[in-house]
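Listed in order, the protein sequences are those of chains A and B.
Position 14 of the first sequence, counted from 1, bears residue number 13 in numbering that gives the first Met the number 0, the numbering being contiguous throughout.
Position 58 of the second sequence, counted from 1, bears residue number 57 in numbering that gives the first Met the number 0, the numbering being contiguous throughout.
Don't take every hint at face value.
[What the hints assert, rightly or not] Derived coverage of chain A by chain B (criterion: at least 3 residues anywhere in the stretch with Cβ under 8 Å from a Cβ of chain B; other residues may be distant):
{"hint": "1", "segment": "13-20"}
{"hint": "2", "segment": "27-36"}
[Claimed, not checked] Dumping the calculated DSSO-like pairs for lysine-lysine here, alpha-carbon to alpha-carbon at most 30 Å:
{"hint": "3", "chain 1": "B", "residue 1": "K223", "chain 2": "B", "residue 2": "K41"}
{"hint": "4", "chain 1": "B", "residue 1": "K223", "chain 2": "A", "residue 2": "K36"}
{"hint": "5", "chain 1": "A", "residue 1": "K36", "chain 2": "B", "residue 2": "K3"}
{"hint": "6", "chain 1": "B", "residue 1": "K104", "chain 2": "A", "residue 2": "K36"}
{"hint": "7", "chain 1": "B", "residue 1": "K225", "chain 2": "A", "residue 2": "K32"}
{"hint": "8", "chain 1": "A", "residue 1": "K36", "chain 2": "B", "residue 2": "K73"}
{"hint": "9", "chain 1": "B", "residue 1": "K41", "chain 2": "B", "residue 2": "K229"}
{"hint": "10", "chain 1": "B", "residue 1": "K225", "chain 2": "B", "residue 2": "K104"}
{"hint": "11", "chain 1": "A", "residue 1": "K35", "chain 2": "B", "residue 2": "K73"}
{"hint": "12", "chain 1": "A", "residue 1": "K32", "chain 2": "B", "residue 2": "K68"}
{"hint": "13", "chain 1": "B", "residue 1": "K73", "chain 2": "A", "residue 2": "K32"}
{"hint": "14", "chain 1": "B", "residue 1": "K218", "chain 2": "A", "residue 2": "K35"}
{"hint": "15", "chain 1": "B", "residue 1": "K41", "chain 2": "A", "residue 2": "K35"}
{"hint": "16", "chain 1": "B", "residue 1": "K218", "chain 2": "B", "residue 2": "K228"}
{"hint": "17", "chain 1": "B", "residue 1": "K104", "chain 2": "A", "residue 2": "K32"}
{"hint": "18", "chain 1": "B", "residue 1": "K3", "chain 2": "B", "residue 2": "K104"}
{"hint": "19", "chain 1": "B", "residue 1": "K104", "chain 2": "A", "residue 2": "K35"}
{"hint": "20", "chain 1": "B", "residue 1": "K229", "chain 2": "B", "residue 2": "K218"}
{"hint": "21", "chain 1": "B", "residue 1": "K104", "chain 2": "B", "residue 2": "K228"}
{"hint": "22", "chain 1": "B", "residue 1": "K142", "chain 2": "B", "residue 2": "K3"}
{"hint": "23", "chain 1": "B", "residue 1": "K225", "chain 2": "B", "residue 2": "K3"}
{"hint": "24", "chain 1": "B", "residue 1": "K228", "chain 2": "A", "residue 2": "K36"}
{"hint": "25", "chain 1": "A", "residue 1": "K36", "chain 2": "B", "residue 2": "K218"}
{"hint": "26", "chain 1": "B", "residue 1": "K229", "chain 2": "B", "residue 2": "K72"}
{"hint": "27", "chain 1": "B", "residue 1": "K72", "chain 2": "B", "residue 2": "K225"}
{"hint": "28", "chain 1": "B", "residue 1": "K142", "chain 2": "B", "residue 2": "K229"}
{"hint": "29", "chain 1": "A", "residue 1": "K35", "chain 2": "B", "residue 2": "K229"}
{"hint": "30", "chain 1": "B", "residue 1": "K223", "chain 2": "B", "residue 2": "K104"}
{"hint": "31", "chain 1": "B", "residue 1": "K41", "chain 2": "A", "residue 2": "K32"}
{"hint": "32", "chain 1": "A", "residue 1": "K32", "chain 2": "B", "residue 2": "K142"}
{"hint": "33", "chain 1": "A", "residue 1": "K36", "chain 2": "B", "residue 2": "K41"}
{"hint": "34", "chain 1": "A", "residue 1": "K32", "chain 2": "B", "residue 2": "K223"}
{"hint": "35", "chain 1": "B", "residue 1": "K142", "chain 2": "A", "residue 2": "K35"}
{"hint": "36", "chain 1": "B", "residue 1": "K41", "chain 2": "B", "residue 2": "K142"}
In case anyone wonders, no lab produced these hints; they're calculated from the structure.
Just so you know, even glycine gets a beta-carbon here, dropped at the ideal spot from N, CA and C.
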Amino acid sequence: MESFLEQNSIYIVLFIVLTVWTGIFVYLLNLDKSLKKIEEELGDSLNEK
Amino acid sequence: MYWKYTLFVLMSFVIVAGLSFPIVSSPSVWYEFPLIPGLEEKAKIIFFHVPTAWLSVISFLMAMVYGIKYLSKKNLDDDAKSNAALQLGMIFTILATVTGSIWAKFTWGAFWHWDPRETSIFILLLIYGSLFALRSAIENEDKRARLSAVYSIFAFLTVPFFIFIMPRIMPGLHPGSANDTNSGPVVDFQMNANMMLVFYLSLTAFTILYFWMWNIGYKTIIIKDKLSKKLI
Chain A
0 MESFLEQNSI YIVLFIVLTV WTGIFVYLLN LDKSLKKIEE ELGDSLNEK
Chain B
0 MYWKYTLFVL MSFVIVAGLS FPIVSSPSVW YEFPLIPGLE EKAKIIFFHV
50 PTAWLSVISF LMAMVYGIKY LSKKNLDDDA KSNAALQLGM IFTILATVTG
100 SIWAKFTWGA FWHWDPRETS IFILLLIYGS LFALRSAIEN EDKRARLSAV
150 YSIFAFLTVP FFIFIMPRIM PGLHPGSAND TNSGPVVDFQ MNANMMLVFY
200 LSLTAFTILY FWMWNIGYKT IIIKDKLSKK LI
């Protein structure tokens, strides 16, 4: 695996692109989670009225 | 609205160009990148790793700017903006560290070397990591916002030193170190016009992406705060 990557180092760059994408994706997941909580709270307060 | 489509086109171009444009020893066609001794194909990391480090500087700068704004106007929305910028800054600093150490494994032989560049980003992680500990330790939101604003101002004072100065004046392994004869400073001398173009387009695309993420991030925090106080 390592010698393959050393000879075809474009795949290392590909790994790096995937890492950056993973980081952005994790941020989006967390944002989605807090938005869902807001939605739930809003839903409760709307039902109360 | 158009800027979102511009971002899509720009980022797509950067990913395609960054991964697929060929590296040759003497470029003759516009899309060819020059061969940088010691970096070869791995030089393409510059289109994806450097923007993450750049965004961490922008995020910490925005955190400081909105920290100052909070201190002068005492508006908690500014604290939310500063907080969202801090979160993004942390994510991009971690990304810069991880992508850098993947690259280091194949260029220098191991994931971590305590090179000046690695040491300085590690200290930055510690400095900003403790800011999150500080924020979560204080219940009173005005006090939290005030302390966090002051801390983010002082913390940002170290950023130019750790990112731009220290790794450049000390000898090390990272491209652009004081004793680097092969590839540094990569940005100034070794890149041709095409590589420069893709690099700056990449910085632009990542900066637009950052402001979009930041915008959605602080809006969520502000709505969450207001909701918890039943203002809406």
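- Which of the listed hints are broken here? Violated hints: 3, 6, 9, 10, 15, 17, 18, 19, 21, 22, 30, 31, 33 and 36; rest satisfied.
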